[in-house]
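Participant: So the chains spell out like this:
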Amino acid sequence: MSSSDIAIAVRGLGKSYEIDHQRTHLPTFRDTIVRRLKNPFGRRSFETFWALKDIDLEIQKGDVVGIIGRNGAGKSTLLKILSRITEPTTGRVDLYGRIGSLLEVGTGFHSELTGRENIFLNGAILGMRRKEIQRQFDAIVDFAEVEKFLDTPVKHYSSGMYVRLAFAVAAHLNPEILVVDEVLAVGDAEFQKKCMGKMGDVAKSGRTVLFVSHNINAVSSLCNYAVLLHRGRVQTRGEARSVISEYSSIVRPDVHFDLVEHSGRPKGRQAILQSLALAEQNDEPSATFDPGAPMRIKIVIKTDTRLRSPRVSIGFTSARGERLFAVATYLGVNRIGQIVGAQTVICSLQLPALMPGRYTLDVGIAQEGGAFIDAIYSAGAFDIAETNYLGVTHAYFPEMGNILVRSDWSLEPTAIEATTAAAS
Amino acid sequence: MTQPAKPAPVPLLSILPPRRWTPLSLRELWLYRDLLYTLAERDIKVRYKQTLLGIIWVVLQPLIAAAIFAFVFGHIAKMSSDGAPFLVFSYAGLLGWNLFNSTLTRASASVVENARLVSKVYFPRLMLPVSTLGATLIDFFVSTGLLVVLMLIYRIAPGWQLILLPFWMCLLLAAAIGLGLYISALMVSYRDLQYALPPFLQLMLYACPVAYSISNLHVSPRILSLYYLNPLASILEGFRWSILGVGTINWGAVAYSTAVTLVMLVGGVLAFKRMERRFADVL
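Protein sequences appear in the order of chains A and B. If you're matching positions, the first sequence starts at 4 in this note's numbering and goes up one per residue. If you're matching positions, the second sequence starts at 367 in this note's numbering and goes up one per residue.
Looking at chain B on its own, in the form it has when it is part of the complex (with noise of 0.2 angstroms):
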C-alpha cells in the first residue's frame, strides 16, 4: 500500500508580483536569441523594401552631410584638419558618429514602434532596442565601403591604429545603448522625448569633434578639460584617428570616457529592466 511520496513538482515558471529591480536573466535572453536575428532581419528587410534606392541613401547621406562639413569649415572656416583632405576627415568623422547617432535614435523609438507587440505577446523586451543594431550596423558597414574608395582616390593608407577600431566602435555603441535603453523606456510614458532627441543629437553633433579637430580649439586646459567631460569626444577623435592616423589623443580622456560608457551601459539596462513590467499598462 505505501507508495513512495511523489516529490512536490517543481513550477517551469512562477509569476509574482514585480520586485524593485529585476536581475536581467542572461538564460531567458539566450533561448530568446533567435528573435533577436529575427527581429534585425525584419527591420533591414523592410527597409531596403520600401525605398526606391534602398542602400543608395546609406551612403548618400553622409558623404552629403561630410561634403557640406568640408566646405563650411574647412573651405569658409578655414579650420585645420591636422593634414588630412577634408572630406575623407569629415566623413570618418561622421561615420563614426552616425553610429552613436543611429543606434541611439533607432533604440529610442523601438519600443514605442513596436507597442502593438509589447501590449499583446511577451518576449524580453529588451529585444526591442538591442536588435536595432542590426539595421544600424549593416549601414555602418556600407558606408564604410565608400569611406575605402575615398581613402583609394585620396591615397591614404591606414596605420597601425586601425588594430585600435573596434574599440572605439564598442565604446561608441555602449554609450548609443545605454542611452537608447533608458530613452526608449522613457519614451513609452513621455511621448514628447522623440521631438527632444533630434534636437538635442543636433548640439551633440557640434560639442564633438565630427567637423572639426580638437587641434582646432584653442582655449585654456581649463575649457579643454570641460569639453573633455563629454565623453563622446575622445572617443570620437580617437575613432578617426584609428582610421587616418591624425588627431589628438588623450589617454586621460579615454579612460574617464570608457568607465562612463559603462556606467551609461549598466545603468541603462537597469533602468529599463525597472520601467519594462510597466510598458503594457501605459501603451
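Extracted from the complex, chain A is given alone in its bound form (with noise of 0.2 angstroms):
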C-alpha cells in the first residue's frame, strides 16, 4: 500500500500522569500554600504512571479498527488523545482526515432544552457547521426515530430515547475518521444492532472506524484489523482475528472468577454480578471440560433493589471471537423468580461438542424487556480438553470449525444412468 492510504500514523506515543499518593482530593489554595510552608523550594513528589508507552501504529483508510485490552490498558487514554481531549507526553500522531469522536452519547446534551434545539447544541460540540446539522436535521430525527417528541424537552425522554437521539447526531456527523467508545453498552438490542449497522456503513464507504470495546463479538463481526493493549503498551497487532484470539487467551480458566472488581466491566456499570463459578455435573469444580460434557454454571447477584423478572444470559464465545451460543433463563426449561440480596443463579447444561481448545464466557443481567443493568465481557473461560472424541488419528484443523459432530460413511454401487434418469 501507498503512504498515501494512510489515515493515522501513530509514532512513539506516550501519555503520563503524575499520581500524588497523600492527595485525596482536589488540591485547594490551602494545600498549595501549606505545601509551600513546609517545602518551600522542593518539587513535589510524584510517583509517574505511563497510562501509554511507545505506541506506534499506522491505520490505513478504510480499515475498520477494534481496540481491545482490559480495564486500564490504555483504550480511552488512546482514544482521549486521538480526539485532542487530552494532549500526549511523548511522541506524536499524524491524522489524515476530519476525525469526529464518540467517547460518550449525548455529552453536552441539556435536560431543559428540546430535542431539535439538543441537535443543534450537539452538533455544533462535535463540531458541525449549522447549515450542516440542518441538511442532516431530517435523517437524524428519522434515525433516532424521535419525530413525535421533537419539541419536548430532552428531560422528559425515557432513557432509550436519549441515547437514540444521541447516537443519532454523532452518526450524522460523517467524519473521515470516526473513532466511538462503548457506546453500544447502552441501549436494546434492536438499537444496538442498528449502530453497528451505521457503523458499517461508515466503513463500507471507504472511511476508517476505530471502535473501541470490551465485547470481542462485536469487534470480530466488525473489524478487519485489531490492536490489543496490554497495560498500556501494543500487546498484539494485526487481523482482528489472530488478535482477538490472542486476547482470550488473557483470561485464563479457573473454577471460579471474581467478577466485583472485573476488568472486563464496561466503565460506570454497577457491579451486580458478584461471581462465576464453574463445576461439573457432581458439583466437582472444575476448569476443564470434556467435548458435550455437562457443565454447571454458578453466578451470585446482589442487588439493593428488587429484580421482578431478571434475565440472566451466558455467552459462549470461541477463541476467534465467534459467538458460538448462548443460554438465558428466558430460554430455558423452567424459569427463576424475582432476585432480593444476594442470591446464586444455577445453570445446569449441556455442552455441544466443542473443539478442544479456550472457550470465554459473557455474563449478563437485564430487567424483563430492558437492557441490561450488569455485564462482564469475558468474564470467565474454560478449556475443552483435548480428548478423542472423533476417535481418529487426524489432527484436528481450523477448518473442521467449532463443533465436533460424529458421522458415519459408507459406499453405495450407483448406476449413472438411473441417476440421470430419475433426475429427467
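Among these hints, one or two may not hold up.
So the derived label-pair ranges between C-beta atoms look like this [as the list claims (entries may be wrong)]: (1) A:Ser-245 - B:Gln-560: 47 to 55 angstroms; (2) B:Tyr-572 - A:Ser-114: 35 to 43 angstroms; (3) B:Arg-385 - A:Asn-227: 34 to 42 angstroms; (4) B:Arg-385 - A:Asn-177: 28 to 36 angstroms; (5) B:Leu-378 - A:Gly-404: 39 to 47 angstroms; (6) A:Gly-295 - B:Leu-382: 54 to 62 angstroms; (7) A:Glu-21 - B:Lys-444: 55 to 63 angstroms; (8) B:Tyr-622 - A:Asp-57: 49 to 57 angstroms.
Don't read these hints as lab results, they were simulated from the structure. Think of the CB as a built atom: it goes at the ideal place given N, C-alpha and C, for glycine as much as any other residue.
Make one complex out of these two single chains by using the hints.
Facilitator: Laid out in C-alpha cells, this is it:
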C-alpha cells in the first residue's frame, strides 16, 4: 500500500500522569500554601504512571479497527489523545482526515432544552456547522425515531430515546475517521444492531472507524484489524481474528472468577454480578471439560433493589471471537423468580461437542424487556480437553469449525444412468 | 514502469506534546464560530426557561440595588450625585458595574460548569468563557431599556458624550473577559475560587464609583491617584458620564486603564491557552 492510504500514523506515543499518593481530593489553595510553607523550594514527590507508552500504529484508510484490552490497558487514553481531549506526553499522531469522536453518548445535551434544540447544540459541540446540521436534520430525526417528541425537553425522554437521539447526531457527523468508545453498551438490542449497521456503513464508504470495546463478538463481526493493548503498550496488532485469539488467552481458565472488580465490565456499570463458578455435573469445581460434557455454572448476584423478572444470560465465545451459542433464563426450560439481596443463580447445561481449545464466557443481567443492568465481557474462561472425541488419528484443524460432529460414512454402488433417469 | 513519485501526503492535523506557550489559532476559532453562537443560545434559553419571571428579574435586580444606593448614599449619607437624580445616577452606575460583574462571574464558572463537555469532546476551550457574553449582553440591553424609561421619566437627555459609550463598554468587557479567562482556568484546579470571587467583587463594587461619584472623594491628590490605580474606577465614571453627562473624567487615568485592560485581556488569553491542556486531566 502506498503511503497516501494512511489515515492515522502514531509514532512513539506516550502519556504519563503524575500520581500523588497523599492526595485524596482536588488541591485547594490551602494545600498549595501549606505545601509551599513546608517545603518552599522542593518539587513535590510524584509517582509517574505511564498510561500509554511507546505506541506505534499505522492505520489505513477504510480500515475498521477494533481496540481491545482489559480495563486500564490504555484504550480510553488513546482515544482521548486521538480526539484531542488530552495531549500526549511524548511522540506524535498524524491524522489524514477530519476526525469525529463519540466517547460518550449525549455529551453536551442539556435536559431543559428540547430535542430539536439539542440536535443543534450537540452537533455544534461535535464540530458540525449549522448548515450541515440543517441538511442532516431529517436524517437524524429519522434515525433516532423521535419525531413526535422533537419539541419536548429531553428531560422527559426515556433513556432509550435519549441514547438514540445522541447516537443519531454523532452518526451523522460524517467524519473521515470515526472514533467510537463502547457506546453500544447502552440501549436495547435492536438499537445496538442499528448502531452497528451504521458503523458498518461508514466503513463501507471507505472511511476509517476506530472502535473500542470489551465485547470481542462485536469487534470480530465489525473489524478487520485489531490492536490489543496491555498495560499501556501494544501487545499485538494485525488481523482481527488473530488479535482476538490472543486477547482470549489473557483470561485464564479457572473454577471461580471474582466479578466485583472485574476488568471486563464496561465503565460506569454498577456491580450486580458478584462471581462466576464452573463445575461438573456432580458439583466438583472444574476448569476443563470434555466435549459434550454437562456443565454447571453458578453466578452470585447481589442487588439493592428487587429484580422482578431478571434475565440472566451467558454467552459462549470461541478464541476467534465468534459467539457460538448463548443460554439464558428466558430461553431455559424453567424460569427463576425474583431476586432480592444476594442469591446464586445456577444453570445446568449440556455443552455441545466443542473443539478442544479455549472458550470465554460473557455474562449479563437485564430487567425483563430492558437493557443490561450489568454485563461483563470475557468474565471467565474454560478449556475443552484434548480428548479424542471423534476417535480418529487425524489431527484437528481450524477449517473443521467449532463443533465436533461424529459421522458415519459408507459407499453404495450406483448406476449413473439410473440417477440421470430419475432426475429427468 | 516509472511512475511519478507521489508527494508525501501532508497530515490534516498533527497531535504533539504541548509546548510551553501555544499560539492562539484564530483559524480554528473561526471554524468553530457556530459553536460560540450555539453555546450562547443555550445559556440564554436555559436561563429564561427555568425562571418564571425570567426577564423581569434582569431589570428588577439592578433597580432594587439602585434604590437601596439612592436611599443609603443619597438620602442618608447625603452624598452628591453631581446634579443627577440619585436613582438614575446609581442605576446607570450599576448598569456598567453589572456588565463587568456578570461577565466576570459567568466566564469564571464556565469551564467548571461544563466539566463533562471538556472531558469528553474536543473544541476550542476558549469558546466556553467567551460564549457567556451572549447572555450577559442580552441582560445588559434589557436593563438598558429600563434606563431609557427612567431617563424619560426624569426628563434627562444624553449629550454628545453618548458616542463614547461603546468605548467604555469594550473596556469593561475586555477587563472582565481577561480576568474571567484567568480565573476560569485556575478554578479547574482550585475550586475555592468560586467562594473567593463574590466577596472580592463585593469589595470592588465599593472601590469603584458606582454608588457615589469621584467628586465625593475629598482626599489628597496622592490618595486619589492611588484610587485611580484601580483601572475600573475611571472606566466606570466614564461610562456614567457618557450616559448622564455628569462626573469627573481624568484622561490620564483613562489612558492608564486602557493599557491595563489590554494587558489583562492578552494575559488572560495566554494564561488560559497555557492552562487549558490540563483541563481534561484534572476535571
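Participant: Hint by hint, note whether the structure agrees.
Facilitator: Evaluated hints:
1. In this structure the supplied range 47 to 55 angstroms holds for Ser-245 (chain A) paired with Gln-560 (chain B), their Cβ-Cβ distance being about 52 angstroms.
2. In this structure the hint that Tyr-572 (chain B) and Ser-114 (chain A) lie 35 to 43 angstroms apart at CB holds, the actual value being about 39 angstroms.
3. Evaluation of the 34 to 42 angstroms hint for Arg-385 (chain B) and Asn-227 (chain A) yields a pass: the beta carbon distance comes to about 37 angstroms.
4. Between Arg-385 (chain B) and Asn-177 (chain A) the CB atoms are about 32 angstroms apart, so this pair conforms to the stated range of 28 to 36 angstroms.
5. Distance hint for Leu-378 (chain B) and Gly-404 (chain A): a CB-CB separation of about 44 angstroms, consistent with the stated range 39 to 47 angstroms.
6. Checked against the hint of 54 to 62 angstroms, the C-beta distance between Gly-295 (chain A) and Leu-382 (chain B) comes to roughly 57 angstroms, which is consistent with it.
7. Range check, Glu-21 (chain A) to Lys-444 (chain B): about 60 angstroms between beta-carbon atoms, so the 55 to 63 angstroms window is met.
8. A hinted range of 49 to 57 angstroms for the beta carbons of Tyr-622 (chain B) and Asp-57 (chain A) is consistent with their spacing of about 54 angstroms.
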